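Participant: Next come the chains, spelled out residue by residue.
Protein chains: 4
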Amino acid sequence: MTAPSPFGGRRVPVAVLGATGTVGQLFIRLLADHPWFTVTTVAASERSAGRRYADAARWHEGEMPGEVADLVVRRCDPAVVRERVVFSALDSAAALDAEPAFARAGAIVLSNAKSYRMADDVPLLIPEVNPDHLGLVDVQRQARGWDGAIVTNPNCSTINIVLALAPLHQAFGLRRLLAVTMQAISGAGHPGVASLDILGTVIPYIGDEEPKVETEPQKLLGTFDGERVVMAPFVTSAHTNRVPVRHGHTACLSMSFDRHPHESEALAALRGWRGAIAELHLPTAPTPPLVVHEAPDRPQPLRDADAGDRMQVHVGRVRPDPLLDLRLVCTGHNVVRGAAGASILNAELMAVRGLLADA
Amino acid sequence: MTAPSPFGGRRVPVAVLGATGTVGQLFIRLLADHPWFTVTTVAASERSAGRRYADAARWHEGEMPGEVADLVVRRCDPAVVRERVVFSALDSAAALDAEPAFARAGAIVLSNAKSYRMADDVPLLIPEVNPDHLGLVDVQRQARGWDGAIVTNPNCSTINIVLALAPLHQAFGLRRLLAVTMQAISGAGHPGVASLDILGTVIPYIGDEEPKVETEPQKLLGTFDGERVVMAPFVTSAHTNRVPVRHGHTACLSMSFDRHPHESEALAALRGWRGAIAELHLPTAPTPPLVVHEAPDRPQPLRDADAGDRMQVHVGRVRPDPLLDLRLVCTGHNVVRGAAGASILNAELMAVRGLLADA
Amino acid sequence: MTAPSPFGGRRVPVAVLGATGTVGQLFIRLLADHPWFTVTTVAASERSAGRRYADAARWHEGEMPGEVADLVVRRCDPAVVRERVVFSALDSAAALDAEPAFARAGAIVLSNAKSYRMADDVPLLIPEVNPDHLGLVDVQRQARGWDGAIVTNPNCSTINIVLALAPLHQAFGLRRLLAVTMQAISGAGHPGVASLDILGTVIPYIGDEEPKVETEPQKLLGTFDGERVVMAPFVTSAHTNRVPVRHGHTACLSMSFDRHPHESEALAALRGWRGAIAELHLPTAPTPPLVVHEAPDRPQPLRDADAGDRMQVHVGRVRPDPLLDLRLVCTGHNVVRGAAGASILNAELMAVRGLLADA
Amino acid sequence: MTAPSPFGGRRVPVAVLGATGTVGQLFIRLLADHPWFTVTTVAASERSAGRRYADAARWHEGEMPGEVADLVVRRCDPAVVRERVVFSALDSAAALDAEPAFARAGAIVLSNAKSYRMADDVPLLIPEVNPDHLGLVDVQRQARGWDGAIVTNPNCSTINIVLALAPLHQAFGLRRLLAVTMQAISGAGHPGVASLDILGTVIPYIGDEEPKVETEPQKLLGTFDGERVVMAPFVTSAHTNRVPVRHGHTACLSMSFDRHPHESEALAALRGWRGAIAELHLPTAPTPPLVVHEAPDRPQPLRDADAGDRMQVHVGRVRPDPLLDLRLVCTGHNVVRGAAGASILNAELMAVRGLLADA
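Chains as they are written, first to last, in numbering that gives the first Met the number 0: chain F, 0 to 358; chain R, 0 to 358; chain H, 0 to 358; chain B, 0 to 358.
Just so you know, these hints were derived from the structure itself, not from any lab.
Predicted model only: the values in this text are computed from it and were never measured.
Everything hinted at is true.
The list treats identical chains as one, so a pair stands whether inside a single copy or across any two.
Derived SDA-like pairs (lysine to any residue); straight-line CA-CA distance at most 20 Å: (1) K211 x L95; (2) K211 x A231; (3) K113 x D96; (4) K211 x M230; (5) K211 x P295.
In isolation and in its complexed conformation, chain F is listed as follows (with noise of 0.2 Å):
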C-alpha cells in the first residue's frame, strides 16, 4: 500500500544535477520507475554538456533507463534547469555556489553534499527520525530571501548509524557513542579508490569523512524548537575504514545512555520501531526501517544491505558492552539508503506535507 500521488495522476518533473557520477546514476535509476517524479533534465559538468546522456555517462550496473539515454546533459545553470524540484548529486565544491544559486531561483533542492548540512537554517533530514526539522524550510526561506529552498540528507555512514541509533536514543537518550566503520568502495564514487589501493586489504583513513560522523547525528537527533535544532547533547568518536566491498557501510557502535537499557530493552526499543512517517506511506520508505537479525554472524553488507529492499537499515549482535552500556553492528546500502535514496524519500515528505507545490 502506497500512497496516493500528492499531484494527482502526472508525474512531477524534477532535474538530476551530477547526473553522471555513481550517485547521479542511482537518481536515474530510482527515479525511472518512480510513481510520483520524472526526470526531464540531467545537468552535470562543462564537460559533460553538450552531450547525450548515453555518451556522457559510463554507466555503471546493469541497464541505463531507456527514457534518459537521449536527454542532452544540461550546464548545473538555473537558467537553463527551469524544473522546481531538483536532486543535487554534486561534490561539495561544486554545490557550495550551484545549490543556493539553485533555491534562489526558486528551486526545492535535495542536497546530498556536506557543504549546507550543518548550516543553522538546512534541515537535515530523515523522515523517520526528525521529519518536523523541515520546519527549517521556513526558516531558511525568510533569512535568505528565497523561494527555493535547500533540504539535505547526511553523510552515507552518518544515516545508517542514525537510523540504528534513534530507537535508542528515543527511549533511552543516548550519551556517548563510539563509531568505527567498514565502508564500501562506491561511497568514493567512480573512479574513486584505486584497485591497487585496495584489493585485499583496508585503508584506515576516509579524509574528511570522521568530522562528518561525529557531528551530523547530533543534529539529526536534535530538537527542533521552531526556530532552530538544539543539538542533542551526545559525544560521538569514529573511526572511519575502507574496505574491499561494493556497497553497504557497516559500523560497529558501543554506546552509553541517559538510562541503561537491558539488552532485552533495546531489542525492543529496535524491533517495536516504525518511526515517524510508517502512517505516511511514502513510495520510498522501507517498511520497517530496520531489520533486527538474530544470526550472531549478521547483518552483512554484501548478504544484507545490497540485498532486498536497498532502503532499510540492518542491525545485529546486540549486546552489553563491558566498557559503555550496548553494542552493536548496523550495515545499510551507502548508494541507496546512504544518497540517492535518502534525497528521494525527503522529496516525498516534502511533497505529502505540500512543500513542492507549483512543481
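Using the hints provided, position chains R, H and B relative to the given structure of chain F.
Facilitator: Same frame as chain F, but now just chains R, H and B:
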C-alpha cells in the same frame, strides 16, 4: 647483530605439533633458516600420521623447505615425539590433552592454543612486554610436578593490540580500551572461511574471539609478583570482524588512561619504545618492535603488516579521542607476529634465560 | 506477455532434491514466484532430513521465501517424496542412484547432475537450442520401462557457451572450438572454494570440468533423428579456470566454421537470433536469449551476467581470429541460467508439450 | 654463484626515467641491492621534477630504499640526466621522443615502452631466449648515427608466454598459438584500474594489449641473420583479460608445432631447458628460468609468480590439446619478470658483453 647461540655451534632439535596446518606450515618456514633450532619431527593428527610431510601438507605459499619434505609425520604423542622443545600449532581441542601430556613428559611446549593461556600458572608471554612472566614456569612446575612446561603466546589479534598498547600503558596507565578489529582470513586457517562468505563483504563476527581480546591484555600487561600475575586494572570492549584480507589483523583502538597523555606525549612514548629485550638481540626480535607511521592512511595490513619484517607491529593515526583520551590504528601479521613467530621468539627468550637447557 | 498456464488456475506441486545447497536454494527462490509451479516438498541428505528447512539450510542471499521456511526436509526417496515433478540439485554421486529411482517411480526428474547427461536416451536440453531432443523421453521410457523420465540441463559453463554458439553453428557450421573459461566461485557451491585459495588469485583448474565442456556441446548442437542424437561434428578444446567472482561464468571462444563468416555476418546472426521457442512465451524464457554488446570491454560477469535478467547470455568482442575464423567473449549467470533457471525452463517446455500431464 | 662484476669494485651509476610510477618504483627497489649498478638519478614528469623523490613518489609496497629518498627528481632530459645507463619506465607516449633523445646523447636506454619494440633495428630482448639479437645494437647505431642505443624488453604478458614457449619452439617448431591471458591489476599501474571496475569481476579487454601479444613473440623467437631479425613463422591469436589479482599474469596456451610432440617430450623439453645464458650466472638471472609444476591446480599467480624468485616463469598443466597439439598454463610476475627485472637482466647481459663500457 644477533645474539650468539646459547647452544654453541649445534642447532637444537625441535618438534612441531599440528605441522600440516596454516600455522604449522609457518613454523616450518620460519624455522628452516633459524640459527639456533632445527625441525627434526613433524607431528599432526592420526589422519596425516605415517605419511611423508610433503604429501600430508597442502603447502600454501612459496616453496616447502627441502629438509622437511621427506620427514614422516608422527602422531602428537610424547612417546614418539621426543624433542625437548616442542612448538604447538594444535587447535584448542587437541591442545587440551596433548600439551599437558608433553609437559609432563618433560617437553617445553610453546603453544599457540587458547587452552592454557589464562591458567594462573601458565605464562602468557610477549618477550618485549612481560618477559618476567616467565617466572611462572617455576610456579607451574612446582604446582603440577612437571619436568617440562607450557608457555603460551596470545591470540593473534591480542598480540598486535598489546604491543601497540604497551608503551602507552607503561607511561600513562591504561584504564579503558575499545578495540574494533578487521581480521584476515588466514586467521581462520585452511580451508577456514568459505570464499562465498567473505569475497566482497565483511563478517561482523568471529566465533570465540571477543572474549580473548577482552581478557588476555589484562594478563599480558599485568604484574608478576613472584607467585602469580596480578591483572592490569583496565576494562576492554571488543568488536571483531572478518574482512577479505589475506594476512594482517588491523585494529582501531580508543583508550583512556590514568594520566591523560597529550598526543605528542603518546607519539613520543610509541616512537621511543624499544621493549624489554632489545639488548638481548634475539634472532627473531624485530628492531624496533613498533613502526610509527605519519601518513594519514597508514598503517595497512597488506602494505605494512605483510611487507618487510613481519614481526613488527605498525601504528598510525595517533590522535585525540573526543570520547576517551586517545585513538590509533595498529596492524600486525597474524600468522608471523601473531602465531608462529611469536612462539619462536618466546623460545629464544627461554633459551637465553637457560630454560631450554638439556634441550 | 507470458504463456497461459497449461495447468489452468492451479499451481503444480513440485519437489526439490538437494534443496539445502547453493543450487537448491536458487530453485526455492526462483520457484517462490513461479506462476505454474509451487514447491511442496524439500528433500536433502540424511543429515538434514527431519529438520525445518529454515534450520537445515544456511540461506545465502536475501530473504528466504516464507512458504518454505517451515517445510520439514525429507529424505531423497521416492517413497516419501511423491510429487510428479522433481527438480534435482543433487551432486552427481547422489544423483546416480536417486534420479533413476524417482524416474522409475513415475517422476519427471529435471536434473542438474552430470550423471546422465551424456546417456544415449537422456535429453540434454536447452529449450532455445534443441527442444526436439525431448523426443528422447519416449525412447528413454521404452528402453527403461519407466513411467517417469530424466531430463538434464548442461554444465553451468557449457550452457552459456552453447547459447552463444548456437546462432553461429546454425548459420555457418561449427568445426573447431577453443574455449577458455573464467568461472565464478558459486559454481563450486558452499563451502566450496576456500577463501585463502582464491582471494586475489586464479586457480587454473576445475576438477572434472574440462571433459564436460569438451563433450556436452556436441550433443546439445547434435541432431535428433527420432531415435537418437547424432553428435555435431566439431572438436572442442577447453581450459577452465576459477576466478574471484561471485556469480557469472565467462568464456573466451575462438572458432572455425564450415563456412567462414564475415564479422558482420556473425554479428547479424547473433543479433537476429531468437531461439527455437520464442513464440511459446514461457515464463522463464529470456527475451531475447542473447544480448550482444558493442562496448569493447563488455560483457562482464558482475555488470552483465549478474544484473538484469539472469537467464540471458551476454556476448561481446565479436571479431575475426587470426588463427581460426572468429572469436568472442560470452558470460552468463552460472546458477540461474546455468543451473536452477535452466531446469525450470526445461520444465516449462515439457509442460506446454504435455509431458507433465497428470502432474 | 654469481658472475664477478665486469666493472670491478665500483657500482655503475644509472638513471631511472619514469621513476615515480609502479614500474619505476620496482626499478628503485630491485636496484637498491644490485651488485653492479646504483641509482644516482631519478627522473620523471615535469609535475614531479624538483621535488624530493620521497615526496614525489607515492610508494606502494614495503619500505622505500633509504638512498633514493633524498634524491631530487629530474626532468627526463639528457641535458640533466647524464648517466650512461638509463632504465626507462616511461609510458609509450613519453618514450617516443625521450628515448631516442637519450640514445642520441650517448645513453644505453633499457626500455619497457612499446614504442620501439617492433622497430627493425631495435633489439627486443629476453637474455635466456635471444641474446644474439643484441647484434642489432650495431645495426641501430650505424643506421641512426647514435653513440647510445635503445634496447627493449617485451610486453609484460608476452615475456612470460615466450619464456614458456621457447623450449618448445626450439625443440618442435611453433606453428600456431592461441593465448588467453588473465592479467593482474598492477599491469595497469597506479591509479590504473578503478576498484569499482574490477573488484569481484573480470574485464575481458585490455586496451592495445592483444596486438602486442600477437606480434612480439614472432620477433622474440625470430632469427638474427647479422642484419635483421627474421620473424618466426607462426600465427598467434590472443584474448587478454583483466582479473582481480595484484601481481602475476597468467596465460592459457594452446599450440601446434611443425613436429607434434608427445606430452612427455614436451615436459622433458621444458624441464631440461636452461636458456642461453645459464653459464653467465648473471645476478638477476633465475635458475632455472622455468619451474615446471606437477600439481593439477598449479601454477597460480599469487602462490607461484608472486612468491619466491619473481624472475622465474611457472608452467603447469602440460597436456595434449584435442584441437591443436599441446596446451599448458604459465604465469610470471608482470612487474619483475615482465618489466623492471627484465630490463635489469638485459643490462647485465650487455655489461658482460662489453656493451656498457665507459659507463
